[in-house]
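Colleague: What follows is the residue order along each chain.
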Amino acid sequence: MSDLTSIIREQSATEQIAAIKSGALDARELFEAYRSRAAADTFNAFTWVADEAPAALPAADTPLAGLPVAVKDLFSTEGVPTQAGSKLLEGYRPPYTSTAVAKLEAAGASMHGKTNQDEFAMGSSNENSAFGPCQNPWDPERIPGGSSGGSAAAVAAGHAPWALGTDTGGSIRQPAAMCGLVGLKPTYGAVSRYGMIAFASSLDQAGPITRTVADAALMLEHLHGADSRDMTSVGLREPIAVPSRESLEGLVIGVPAELTGEGVEEGVAAAFQVALAEAEALGASLETIHLPHAEAALSAYYVLAPAEASSNLSRFDGVRYGNRVEDADGTLLGMYTRTRHDGFGPEVKRRIMLGTYALSAGYYDAYYGTAQRVRTKIAGDFTEAFKKVDVIATPTSPTVAWKLGEKSSDPLAMYLSDICTIPMSLAGIPGISIPCGTSQGMPVGLQLAAPAFGENLLLGVAHALERTLGFDTGGAIR
Amino acid sequence: MIDAKQVLHVARLSRLELEPGEVEQMATELSSILGHIEQISKLDLDGVEPTMHVVPIDGGLRDDEPEPSLPIEVALSQAPKANAEGFIVPSPQA
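Residue numbers (our numbering), protein chains in the order written: chain A, 108 to 585; chain B, 7 to 100.
FYI, nobody ran anything at the bench for these hints, they're computed from the structure.
Don't take each hint at face value.
Unchecked claim - Partner residues aside, some chain B positions facing chain A, computed with beta carbon under 7 Å:
# : residue
1 : K11
2 : V29
3 : E35
4 : D50
5 : V60
From the three backbone atoms N, C-alpha and C, an ideal C-beta is built for every residue, glycine too.
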């Protein structure tokens, strides 16, 4: 094992940045090491890899010191293919860069690859990608999770030190859990959505997928902020601190009965119980709580997200970007429908249909209006819970990563796998997944959630637990 | 729940074209998903306000000051068909 490979295996992004700053590590050699690993990736984690390092890497005295970052293909990147897992956008090179990527670059990160994903972020397995499914580095016969599957696989394989993902109903937290990594979905509004191809605008948030909680904190510190180009972005209210918490003395952790019982795989439940016991050993007290609308939240999500998607995806019409397919009869309507027929995969069509139906005359109030009221109820459930507890803990996913193809013929079964992450998305509160053991030899994720803008609390608790759980996030790096 | 006729109607609204074999499959899949979703109609939601956005948004608009924007040729560069002035589409009257 060369020195660089052992550094890639053993050091977090934070440690690598420190090594570059101290002169112990050369940023250009490190970039090239990650770039060549990404170029040789066999998990189909990448949809684009840089040909070479930029002529001038950001200087060692920038906060991120030129460290490479892998970026989910949902983010617009000027001049670099941005295809969002869709055949419709094959070859599209945006004329501008998303705010999230621009902020990371301004802080000294250097993008070395774009990562595979479910088409327009719709999916929980990365199997809905026009560029083929991505494999889980822990077991290539299994999915990496989704929709940010490529970002998680890239980091788990050591083909990126960290990655940028997006989360609408769990798309950062669930793949991070399934690949043995840390995944943070910030409070809605913390990070600008400008230039992030829209799926469900009232839910979409960008966030980090990393090896450690400290790495997630570092990336978030350079991502968040209000942006005049996204009127829903408000930034965070305080700077993100380097997490250093070791004790959980005095902390009350709520364990929702609705998300921790029936339907959770035995090995996942066991790993979750171990994590709770570790939290108690660090001084936390546990309290059973109730989120009475958690199950209804899943249904509400599968109205709201497709409804917003059906509207957002109307922009893909073969006029301004992407592929166009002309119709034989030469009409405009024919061009629209042929383009969308050819360009969209089955899951995207299904969600556009579902959303259009839910928004159509006569059904709007029964579906969309009702789902928005359920959203109020689930947000209220969390407000009540946080009167009694500081943070909430659940498994991130009821199962570990499943075998490729296992759920792809049953869309509803795939949707039900998001049950633990969706309630937080609807409430707009931050959630983090950290690895807490294995089941069937595959990583299990522990999800922690905090009140809106409680990122520092969340990261501190996650850091204390990460220390005591001691999971090797480099376990799949070869 | 949702039949082939409704599927074709929604497909038209969505500007999607479905192959004959896809219509029945879509009807079955959408019915199964809607069957699960409809549990929310059983909840008592009288008097509950809908939530559209979870963060308070002040609706703040930027000052109406011109800012640099993309040059026309750059904005048009990714279009499947364009001339020097705009996007080219088939005639709606064709």
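Colleague: With 7 Å as the cut and Cβ atoms as the points, is E35 (chain B) at the interface with chain A?
Modeller: holds, 6 Å
Colleague: Does the interface hint hold: is K11 (chain B) within less than 7 Å of chain A, judged Cβ to Cβ?
Modeller: violated, 13 Å
Colleague: Mind checking the CB of V29 (chain B) against every CB in chain A and telling me if the closest is under 7 Å?
Modeller: violated, 11 Å
Colleague: Let's test the interface hint: is any C-beta of chain A closer than 7 Å to that of V60 (chain B)?
Modeller: Holds: closest Cβ of chain A sits about 3 Å from V60 (chain B), inside 7 Å.
Colleague: Using Cβ atoms only, decide whether D50 (chain B) comes closer than 7 Å to chain A, and label the hint accordingly.
Modeller: Violated - the Cβ of D50 (chain B) stays beyond 7 Å from chain A, reaching only about 10 Å at its closest.
This entry does not satisfy hints 1, 2, 4, going by the numbered hints stated previously.
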